[in-house]
Amino acid sequence: MIGLIVLSIFITLIILAVLIISNEDLPHSVILFMGFGLGSVILFFLFSAPDVALTEAVIGTGISGVVFLVTLLQIRSKEVNR
Amino acid sequence: MINIKKDISIETLVVSLLVSVMTIMLISLFLNFEVVTSSIGTEIIGINADTTGSANAVTSVVTYFRGFDTLGEVTILFLSIFGIGLGLEGYKDKLNIFAYENQLLKTAVDTLFPLIILFGFYVIIHGHLSPGGGFQGGVIIASAFLLMFLAKNDDFALNHKIMGLIEALSGASFILVGLLGLLIMNRFFDNFLPLGTLGDLFSGGVIPLIYIFVGLKVSAEITALVEYFVRIKDVK
Amino acid sequence: MLNSFNQTPFLHGVITIGSLILLTIGLVGALTKKNLFKIFLSLAIAEASLFIYFIGMHFEVGKVAPIVTDEVTKFSLNMVDPVPQAMILTTIVIAIAVLSLALSFVINYFKLTNNMRVNQMDELGEGK
Amino acid sequence: MSTLYFVVVPLLASFLTPFFKDYLRYISVALNLVLLVFALSFMGAEPIREYISFDSALSISFVLDSASLFFIVLFLVIMTLFSLYHLQEESRKDSFILTNMLLASVSGLVLSGDIFNIYIFFEIASITAYILTSLGKDKKAYSGAIRYMIIGTFASIFLLIAIMTIYLNIGSLNLATIAKEFSSINENSQFLIILSLFIGFGIKAEIFPLNFWVVDIYQASSNKVNALFSSILSKAYIFVFFHIAYMLHVNTKYLGFLAIIGAISFAISELSALSSKDLKRVFAYSTLGQIGVLFIALSSHSIDVVSGAIFLIALHSITKLMLFLSLDILEQKFKSTSVDIFKKFNSLFLVVIFAIGFLSLLGLPPFGGFIAKLTILKGLAGLQEYLLIGAILVISLIEAVYFFRLLGSTQSSQTKESVEVALLPKVLLSIMAIAIVYFGLFPDALLDISKSVATSLIGGADV
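Chains as they are written, first to last, in this note's numbering: chain A, 1 to 82; chain B, 1001 to 1236; chain C, 2001 to 2128; chain D, 3001 to 3463.
Heads up, some of the hints might be wrong.
[Said to hold, decoys possible] Within a straight-line C-alpha distance of at most 20 Å, the following computed PhoX-like cross-link-like pairs (lysine-lysine) qualify:
#, chain 1, residue 1, chain 2, residue 2
1, C, 2034, D, 3140
2, D, 3416, D, 3333
3, D, 3139, C, 2111
4, D, 3426, D, 3333
5, D, 3451, D, 3378
6, D, 3333, D, 3344
7, C, 2111, D, 3140
8, D, 3277, D, 3140
9, C, 2111, D, 3137
10, D, 3277, D, 3378
11, D, 3416, D, 3343
12, D, 3021, D, 3093
13, D, 3137, D, 3335
14, B, 1161, D, 3093
15, D, 3093, D, 3180
16, D, 3343, D, 3277
17, D, 3416, D, 3344
18, D, 3137, D, 3093
19, D, 3335, D, 3139
20, D, 3021, B, 1161
21, C, 2034, D, 3333
None of these hints come from the bench; they were simulated from the model.
Using the sequences plus the hints, can you model the full thing?
See the structure below:
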């Protein structure tokens, strides 16, 4: 079944990527981006690469999500103040 | 969500067309070739058990065969967090941007914090036996500190002197392990400790040692990164 | 019929086409979007697609992770290539380092100018 | 005697920065001098290939042949002069860490014999450059740094594509192995690898059509940073690109393409420089022009021409360092880098320095630049590339227009302000000026070295 699972994950990832880029709402895109990271974590796990999966989970999804969100918060707080 | 009128301009169309043509060329190219069956990776799998004594071949590539890349990687992390610090230092303030209190989180974090730290060290120390290692464990430790920042706002402060010391010493020790290899075995990062039995916690020669230093450095650095980002406050 | 879906060539085909489409989406996004935040998101997607491609192409159906455990008791050629995994591990860390540096610059720039759009960054140029 | 010290010692020093406190500037000078002596001790030795951690191509290797040694020595000389110039200022943590990182990364770039390791050093050098650009901490600096990061991420994506295609096709990362196997893989993959390498390194080596961003970055950065960019960073990228190109025995039709691109780059940059009103931009355009000449010469696949290019690299590095540091003195006085400040300052010393720099860049006797251009033109004549010779000569005339215009404006009758140059910069600038004149009058020693460097660069994978 691995072929079909990989295919469906790829389709999800492509839809997510289009949504991330075309979305007008920035926080929305960041959440979707973390979902994108989760999808790639599953892919890495399926590809017998648990090390990379773990790294992508903690770094690619966790920390980069935090960094993106905090950047947004910074920009938002300023825009509200303006 | 997709606003066709606004999103699709001539520029977008041209760029999309060009990149798509490139992609189709790449796809037709990549679909045609066979991945080589014998690579340096397969050779490494063949000799790994005897040369490094690490049960995780990825770890032995990261810390031993391509240990110098890992040094570069640690350097990049160090450098970029240094750069972030240079820029954001001026905005640093005691208040953090999460200006709300969550009593539940506040209570839970006291139990969770040591557990997460413990888990982080577990991942670091078992880097040569199971998936994980210095980078992953280091980031897990840093995430415990992130939780602290979220829960306790101003009540939680890091001692920057100790952080800087950990960072400097672990980075320097990482290089010194390499230099010891150069002095004893005449090759940088070469193993100068007994290998032990494959699969034991105390095995793999210098690999656990290197991963501990990498883990300490990464955790200190990512914690600093998170702190810089979380504690930015408008100066005005 | 269903069996052919589980063969390595089909899998590699899916990985190639899928990740290159992701790469295209990322590059197009980076080239056409005007918001700095969106540009760096798109670049992150483009990089992630390369990681997926590289790991995926070294996987073949039935191969296991290159780790000796209780079930897999010795190193054999039925394991996936560890070198690409080590390379991608390194590259993921580099990518997040570069990304967070970029975002810190964006924060600094925004605090100075209140501007997030790349086409309005007109500080540099002839006579400025 | 490990070649690794060139990379590891600066890294160790920058990791240990918190312990050095106020002595950073002295440590910086000492470190550069020690490494320079260490590098000179390799002079005349046989090429060395050193494997790190494991004695086969499974591990990373460093290669020290006369080409990489030449570049290491050149970078160390520049860095030593730069750190000496820095002695007059306070010790600063940021400049210490960044210069050391820059030194480590460019040394790694030229020494490494492993394509993925080159990528790592490429990234270290890039990040250092981003931070150096942002050091000004104002709108301009951040705007420049953000642009640099966007374009730099594109470069690293393409470099990654090249490395992945290489590993998928050849199954090795060692440059020597790749060089052996490269001709046996399929044509399309070869083309893809070369194209991706060209885009990846071309962006960083500042070559047309990938150099539209460079001038803005130079304008955003301070003069000292520009001196480093122009005399160290771009040279390292150019060397690595041509090193890999020659190792892979790239088809001559691709090399011909590079020569044409070089000529276009030269022409466009010099034409843009004519209308530029900002000295930083003028010097940046001039750097781009010289890089165009270097691309013409380096892609010729002939030892005579390439040795001229190596000579030009050495001369151009020293000249640009001198010019940017002199501009730095002027900027500190006038707080501006507009071309108008050339009419305002009154200092015979600086006029002489600028004159030597400009005339050497133009390639007029008796300065070093003349010998470099003469060698390149002679070699090209030997190859019967008369079109390229004509192009170089015609475009040099354009170059002459704006350089003489700048020199002429120093003699204008406007009211002048005298500029005092402190002793240390005066000595350093004089040393560089004397070096330029010296290499113009007695070029033989450097020409011999250039020839051996060119031989080992073109010979490629023979270590």
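Point to revise | Violated hints - listed by number, lowest first | key: Hints 10, 15, 21 are the ones this structure does not satisfy, whereas the remaining hints hold.
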